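**Q** Protein chains in written order, with numbering that gives the first Met the number 0: chain A, 0 to 155; chain B, 0 to 155; chain C, 0 to 155; chain D, 0 to 155; chain E, 0 to 155; chain F, 0 to 155.
Calculated directly from the structure, the hints in this document are not laboratory data.
Computed from a predicted structure; not experimentally measured.
Hints are not guaranteed to be accurate.
Stated by the list, open to error - Listed next, the in silico BS3-like pairs over lysine-lysine satisfying Cα-Cα at most 25 Å (straight line):
#  : chain 1 : residue 1 : chain 2 : residue 2
1  : A       : 15        : A       : 2
2  : D       : 2         : F       : 144
3  : E       : 117       : C       : 69
4  : E       : 28        : D       : 2
5  : A       : 133       : B       : 117
6  : E       : 69        : F       : 133
7  : C       : 15        : C       : 2
8  : F       : 69        : B       : 69
9  : F       : 133       : E       : 28
10 : B       : 28        : A       : 2
11 : D       : 117       : B       : 117
12 : A       : 2         : C       : 144
13 : F       : 2         : E       : 144
14 : D       : 144       : E       : 2
15 : F       : 144       : E       : 144
16 : B       : 117       : B       : 15
17 : A       : 15        : A       : 144
18 : A       : 69        : F       : 117
19 : E       : 2         : F       : 117
20 : C       : 133       : C       : 2
21 : E       : 2         : F       : 2
22 : B       : 133       : B       : 144
23 : C       : 117       : B       : 2
24 : F       : 117       : A       : 117
25 : F       : 117       : D       : 144
26 : E       : 69        : D       : 69
Claimed, not checked - Per label pair, the in silico range of CB-to-CB distance:
#  : chain 1 : residue 1 : chain 2 : residue 2 : range
27 : C       : 47        : E       : 155       : 16 to 24 Å
28 : A       : 58        : B       : 152       : 53 to 61 Å
29 : D       : 139       : E       : 146       : 41 to 49 Å
30 : D       : 47        : F       : 22        : 55 to 63 Å
31 : A       : 135       : C       : 17        : 54 to 62 Å
32 : B       : 53        : A       : 52        : 22 to 30 Å
33 : A       : 52        : E       : 21        : 46 to 54 Å
34 : C       : 1         : A       : 58        : 30 to 38 Å
35 : C       : 35        : A       : 53        : 50 to 58 Å
Cβ atoms here follow ideal geometry from the backbone N, Cα and C, with glycine treated the same way.
Protein chains: 6
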Amino acid sequence: MGKRKLYMGYAWFNDKQIGMMNEGLNILKGNSSVDWDNSYRPLEHQYDGINVEDDPSVMRRVDWQDETVKADEDALRDASAGVFLYNPSEPDEGITSEIAFLYAIGKPTVLVIPDDDKTPINLMPAKWSTAIIKLSELEHYNFNKIFHQTYHGDIY
Amino acid sequence: MGKRKLYMGYAWFNDKQIGMMNEGLNILKGNSSVDWDNSYRPLEHQYDGINVEDDPSVMRRVDWQDETVKADEDALRDASAGVFLYNPSEPDEGITSEIAFLYAIGKPTVLVIPDDDKTPINLMPAKWSTAIIKLSELEHYNFNKIFHQTYHGDIY
Amino acid sequence: MGKRKLYMGYAWFNDKQIGMMNEGLNILKGNSSVDWDNSYRPLEHQYDGINVEDDPSVMRRVDWQDETVKADEDALRDASAGVFLYNPSEPDEGITSEIAFLYAIGKPTVLVIPDDDKTPINLMPAKWSTAIIKLSELEHYNFNKIFHQTYHGDIY
Amino acid sequence: MGKRKLYMGYAWFNDKQIGMMNEGLNILKGNSSVDWDNSYRPLEHQYDGINVEDDPSVMRRVDWQDETVKADEDALRDASAGVFLYNPSEPDEGITSEIAFLYAIGKPTVLVIPDDDKTPINLMPAKWSTAIIKLSELEHYNFNKIFHQTYHGDIY
Amino acid sequence: MGKRKLYMGYAWFNDKQIGMMNEGLNILKGNSSVDWDNSYRPLEHQYDGINVEDDPSVMRRVDWQDETVKADEDALRDASAGVFLYNPSEPDEGITSEIAFLYAIGKPTVLVIPDDDKTPINLMPAKWSTAIIKLSELEHYNFNKIFHQTYHGDIY
Amino acid sequence: MGKRKLYMGYAWFNDKQIGMMNEGLNILKGNSSVDWDNSYRPLEHQYDGINVEDDPSVMRRVDWQDETVKADEDALRDASAGVFLYNPSEPDEGITSEIAFLYAIGKPTVLVIPDDDKTPINLMPAKWSTAIIKLSELEHYNFNKIFHQTYHGDIY
């Protein structure tokens, strides 16, 4: 019935991450407990419409840096929960920073990992997430009930 | 119209508390401003499905303790507000800790007391709750408007 | 579809502020992304129903002061976001305090300014708001997506 | 060398609590890692110098209630850590609320219990405290290093 | 004995504010409970050493705005308490925003006002400050004990 | 004069990280603004004295995981600031999570990187740190003044 407005975090720095991002977003779009339209996806929000792929030197500008991190940080404030598409074998410090920030300001997080990636997960993202689920569970996961689940995979 | 997703706190350590819990939950279930299905009730969420009544010694295990408090803490993060079923004459440190946590992370709380329990309430749960209402007011309380009400009963 | 429950902040200490308040509230009432009924407007909530205009000396009572600030503070906890009707040329320390509080507890804010008021805005309310919009944009602003916008007006 | 400025919490509603308070404060005064003079003890700070024992009806005044809880809350903000003198067999909702508040705003807590009180402790104060120590350990406890200790007593 | 590291806030937009700033800073420098050297004073920290008085157009640059607010915000995180030099008759939204931020992240604040300025103070800075003192009290105020004081001047 | 009590974060999962850890800790020990004895170093605090190198299977136990993350989290609450020894070319999600947590609860962070590691840094740890300094600057860095510095290296 209700639909949850999410901060959708992911990485896009290599093919494996991009694969996870695309597959995960596609599933999230079809999940009936997700308010897809109002959820936030970082790549859809560029500072003043600037496309860094056209000119990567923009990333060296202090204003680009400040406004980009602020946009993400503000979106974490606007969301009612976070969902992160994550490969344990491809560490991503952006995702894990965002999980920690949400945890500290009192919002829940779902960490989604591939079904077949058995790489141990760092203690902090593992324990500061509310639930860690497999990609195959994402389609039917009920985001209106982000309750604690004990993770029994490897953690380091 | 909208329905609010709540953290429903209560105590169950003596008959009076269990009476308050059962009566209160029953009324909350019928309150049209409450999203009963997605609200959190601690007793419905046991660590790895372990029932401590079958084996109370489990409560001495550090993992049971850590995972149980974490489940409640995460549910406080997931909820948009708290409601607590409370007998002033039967102090409960769990309920009052949860009210303080919600207050500090910026979420409102409704404290529900019996109509006929005139026991003074401790200053902190009394003042860190957003509103203190009588059980008889619970049925029609609008959880979409948890606004401050000055409590005029005894406080100590 | 969804409607957002807001803390609606404004000032009413001179005609210009009252004009902004009335015009802004009227537009907010018609905005289809706003949950007008459940949103909080400070002037509709007076401590124990006391009207300070009948007896301004009430404002010197410590209980009036404490209960009034608490009502606003609790409403900031209850809201899912803030909207403030603000004239840059008429500084208001209440509005700017509330924006800072929301920012620190992890909730987003929309600051609404008149179309023709070019007065520079103080850095803190300007940068701790999620978006600064013109009054003419308020009617169609989608409060379900309070995302960061870079403000390009004057700041001091 | 350094001395830590503490919020010193305790209860004084029965003889056992008063005994614990007096004994604990006396030891804290002699602990060389404690900044006794600048630490906060609630009973030394009464609203406008009013002594409620002279006139208990004062406690029904809204201003007394608001100012008293505010004084404690502000002192929690001022302290760099908390220490609580606590009998598990004499539950106290004030102490446990204050532990929860400190936990949520990011400050550590030491919970001090009598050597011979084996009563189980509620999960929240037990797990949201940084360390639980015996009264006999208080004299030499180093408050400059309030690090996590796993409690192995009973918790419920 | 100990000395407290403070965030020292003030305004400098008119002569009255500059007078208050200079007088207040001078007294703070001589207060033996203040760690003057390690305390933060905004005007001593300019983004990349840029002096906006040489070129006020710098203030329109997004990077200047972002880095300037970030420097102040980070200094609020670094401080253990705040002190603000403030004329009630000259409202300042920067000062009041900073008080609200400190309050929400759990740090105390001392608001210093001139001895002869009887202008009512806005409820939020008045009530979210831990203590409001007169300029004549500043010299001997003990910043190691920033405890709640009830303000009995006018508030609106 | 004063010395600051720090949370000292680092990684130890490969030789480069261990090199950075050892070199950095050695310098911190000699920095006269650091309270070395009371600062927290994760490797010196193992759950119940268990050495996971003796039996790595311990890391699969839920109690080990919960108590280990709780020890670090509590130490972040106990510290007055954080310092992290970090190689940008060796991402570490633990360090970056801890920076984000400190940022959200209102404490400052110094991120220390090698002089010759030009790898771009992720936006969040880069911008949520208060200052990013080179290892060669660590010896004389004044931890009593952790003020914002604009980083001009590469960020992504």
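**Q** Taking the hints in turn, state whether each one holds.
**A** Evaluation of the provided hints:
1. Our distance criterion of 25 Å between C-alpha atoms is broken by residue 15 (chain A) and residue 2 (chain A), whose separation comes to about 29 Å.
2. Among the hinted pairs, residue 2 (chain D) with residue 144 (chain F) is consistent with the structure: their alpha-carbon atoms are about 20 Å apart, no more than 25 Å.
3. Distance restraint check for residue 117 (chain E) and residue 69 (chain C): the Cα-Cα separation of roughly 24 Å lies within the 25 Å cut-off, and the hinted pair is therefore satisfied.
4. Using a Cα cut-off of 25 Å, the hinted pair residue 28 (chain E) and residue 2 (chain D) holds, with the two alpha carbons roughly 23 Å apart.
5. Annotation: proposed proximity of residue 133 (chain A) to residue 117 (chain B) is violated, straight-line Cα distance about 51 Å (limit 25 Å).
6. For the hint pairing residue 69 (chain E) with residue 133 (chain F), the CA-to-CA distance comes to about 21 Å; that is within 25 Å, so the pair holds.
7. Taking the CA atoms of residue 15 (chain C) and residue 2 (chain C), the gap is about 29 Å. The hint is violated against a cut of 25 Å.
8. Restraint check for residue 69 (chain F) and residue 69 (chain B): satisfied, since their Cα atoms lie roughly 11 Å apart, inside the 25 Å limit.
9. Restraint check for residue 133 (chain F) and residue 28 (chain E): not satisfied, since their Cα atoms lie roughly 32 Å apart, outside the 25 Å limit.
10. Distance check on the hinted pair: residue 28 (chain B) and residue 2 (chain A) sit about 20 Å apart at the alpha-carbon level, within 25 Å; holds.
11. A threshold of 25 Å between alpha carbons decides the hint, and for residue 117 (chain D) with residue 117 (chain B) the separation of about 31 Å lies outside it, so the pair is violated.
12. Using a Cα cut-off of 25 Å, the hinted pair residue 2 (chain A) and residue 144 (chain C) holds, with the two alpha carbons roughly 14 Å apart.
13. With a C-alpha separation of about 20 Å, the suggested pairing of residue 2 (chain F) with residue 144 (chain E) holds against the 25 Å cut-off.
14. For the hint pairing residue 144 (chain D) with residue 2 (chain E), the CA-to-CA distance comes to about 20 Å; that is within 25 Å, so the pair holds.
15. Restraint check: the Cα-Cα separation between residue 144 (chain F) and residue 144 (chain E) comes to about 22 Å, which is no more than 25 Å; the hinted pair holds.
16. The straight-line distance between the Cα atoms of residue 117 (chain B) and residue 15 (chain B) is roughly 15 Å, inside the 25 Å bound, and the hint therefore holds.
17. The suggested pairing of residue 15 (chain A) with residue 144 (chain A) is violated, with an alpha-carbon distance near 29 Å, which exceeds 25 Å.
18. The suggested pairing of residue 69 (chain A) with residue 117 (chain F) holds, with an alpha-carbon distance near 24 Å, which does not exceed 25 Å.
19. Taking the CA atoms of residue 2 (chain E) and residue 117 (chain F), the gap is about 39 Å. The hint is violated against a cut of 25 Å.
20. Our distance criterion of 25 Å between C-alpha atoms is met by residue 133 (chain C) and residue 2 (chain C), whose separation comes to about 21 Å.
21. For a cut-off of 25 Å, the pair hint linking residue 2 (chain E) to residue 2 (chain F) stands: about 12 Å separates their Cα positions.
22. Of the supplied pair hints, the one linking residue 133 (chain B) and residue 144 (chain B) holds, its CA atoms being roughly 16 Å apart against a limit of 25 Å.
23. Restraint check for residue 117 (chain C) and residue 2 (chain B): not satisfied, since their Cα atoms lie roughly 41 Å apart, outside the 25 Å limit.
24. Only pairs whose Cα atoms come within 25 Å are accepted, and residue 117 (chain F) paired with residue 117 (chain A) is rejected, the gap being roughly 31 Å.
25. With a CA separation close to 36 Å, the supplied pair residue 117 (chain F) and residue 144 (chain D) exceeds the 25 Å bound.
26. The suggested pairing of residue 69 (chain E) with residue 69 (chain D) is violated, with an alpha-carbon distance near 30 Å, which exceeds 25 Å.
27. Checking the proposed 16 to 24 Å range against residue 47 (chain C) and residue 155 (chain E) shows it holds: the Cβ atoms sit about 18 Å from each other.
28. Against the hinted window of 53 to 61 Å, the Cβ-Cβ separation of residue 58 (chain A) and residue 152 (chain B) comes to about 59 Å, which satisfies the hint.
29. About 28 Å separates the C-beta atoms of residue 139 (chain D) and residue 146 (chain E), a value inconsistent with the hinted range of 41 to 49 Å.
30. The given range of 55 to 63 Å is respected by residue 47 (chain D) and residue 22 (chain F), whose C-beta atoms sit roughly 57 Å from each other.
31. Between residue 135 (chain A) and residue 17 (chain C) the beta carbon distance is about 58 Å. The supplied range of 54 to 62 Å therefore holds.
32. Against the hinted window of 22 to 30 Å, the Cβ-Cβ separation of residue 53 (chain B) and residue 52 (chain A) comes to about 59 Å, which falls outside the hint.
33. Checked against the hint of 46 to 54 Å, the pair residue 52 (chain A) and residue 21 (chain E) passes, with Cβ atoms roughly 51 Å apart.
34. Evaluation of the 30 to 38 Å hint for residue 1 (chain C) and residue 58 (chain A) yields a pass: the beta carbon distance comes to about 35 Å.
35. For residue 35 (chain C) paired with residue 53 (chain A), a C-beta distance near 43 Å fails the hint of 50 to 58 Å.
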